[in-house]
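Respectively, the protein sequence lines represent chains L and B. Its first residue numbered 207, the first sequence is counted upward by one per residue in our numbering. Its first residue numbered 208, the second sequence is counted upward by one per residue in our numbering.
Honestly, I wouldn't trust all of these hints.
To be verified - Simulated coverage check for chain B against chain L, where a stretch passes if three residues somewhere in it have a Cβ under 8 Å from a Cβ of chain L: (1) 223-229; (2) 255-268; (3) 299-306; (4) 343-354; (5) 360-366.
Derived from the structure by calculation, the hints contain no laboratory data. Using N, Cα and C, we set each Cβ at its ideal position, and we do this for glycine too.
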Amino acid sequence: MTDMDSERGELISALLDGEVSAAELGPAVEAASHLPQGLAVWHTYHVVGEALRGRAPLASGADSLFLARLRGRLTEEPAGGAARPAELGAALATGPLAQIESANDAVIRWKLLAGAASLAAMAVLGWHMASLQAPDATVAAAPAHLGQSATAPAAQPLAAPGAALAQAPQVMLRDARLDALMAAHKQYGGTSALQMPAGFLRNATFDGSER
Amino acid sequence: MAGTTRFPPVPSGPNDSDLLLVERTLAGDQRAFELLVIKYQSRIQRLIGRMVRDVDLVEDIAQETFIRAYRALHQFRGDAQFYTWLYRIAVNTAKKSLMELKHTPSVLEGSFHSSDDEDETSQPKIEPTTDETPESVLAAKEIAGVVNAAMEALPEDLRQAVTLREIEGLAYDEIAVIMNCPIGTVRSRIFRAREAISARIRPMLENQTGKRW
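Only chain L is shown next, with the shape it has when bound in the complex:
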């Protein structure tokens, strides 16, 4: 092998390993694909690698015939594959490429779906967290409705006693209509000795002495 052949052979060897510099890239591909011996060297190096890794290398005759046949079919295809990136939009809109699906398209779709689901989950979580914190601000901003009942258990009509109980369970809130209802149907329900509504009516009694 001449010095020139050695230089090109080393380029082909490095290209096979993906170990070429930016300046060597073009000459390496040129050497491997355009020289009369380039393809043979490229193929032989791969045969050596396959044999070393324990894979059965195919005969050269079969390879050359296979490639010759493929070349004939490739000449019928547009140069550079279906389209260059700049022409991708037009190619996708028309022609047979519109019906060809890449082998990894399904993977990409699932990844996009997973990403969208993650964003939606984060949005829901953030909204939930915000809604949990919002009632505190509401309570602090509305002392006229809840402040008095928090300090003295006076019977005051409230617009939403249920909601107020949920936010400040330790505060007893009274409702005149509820008290009247409870008194009228005391046999079914009850209040504690301190006239406070019990958390579980079955545990309370209207008559404290019967406990």
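Since the structure of chain L is provided, determine the placement of chain B on it from the hints.
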């Protein structure tokens, strides 16, 4: 073409030569795609051969696989290895062909394999593929024997360099650390080892048909 060809950026890993060749193909150099064909033809045919018994059908499906890959090359995003992408195309093409053939009354039952085993990594040993004649199987084993003998005859530094690259799959910079030498020396040693081994098997490859490319 050389004046208008857009050269892609330098690859960053050992397997980025495939990405480089893909980009060069998209730039209009069809022979860059041929390098990929030469590189992966045997593996693709071996894969298809595990699904299909008919030798002629294996080659037809392999041809169709590379044609489909060529047409869809612009859709290869590089987020997976090129061979992984090509592998899926081959499996899909083989399955499609099998489905079409099953609806053909003249198809023989013995044309199909079970497609349970599609993982080529489960076969590390040299074994015959269904698309090879007994003569080609014997030739492949002879080539493997000559390669192993040539490896034994190599100087220690060359044998170590090519072993670390081809069998261990290490990058040049990793080999340089192990062998305590510059990366340029690693590259030279690997080339010289390949060339020494190739010189011994080249006559065997040329004798297959008398004409290679």
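Status of the hints after comparison with the structure:
For the segment 223-229 of chain B, the proposed coverage by chain L is satisfied: 5 residues have a C-beta within less than 8 Å of a C-beta in that chain, meeting the threshold of three. Closer than 8 Å: that is the beta-carbon criterion, and the segment 255-268 of chain B has 1 residues meeting it against chain L, so the requirement of 3 is violated. A count of 1 residues in the segment 299-306 of chain B with a Cβ less than 8 Å from any Cβ of chain L is obtained; the coverage claim is therefore unmet, three being the minimum. Check result for the segment 343-354 of chain B against chain L: holds, 8 residues qualifying (beta carbon to beta carbon below 8 Å, three or more required).
Counting residues of the segment 360-366 of chain B whose C-beta sits closer than 8 Å to any C-beta of chain L gives 0, which falls short of three, so the coverage hint is violated.
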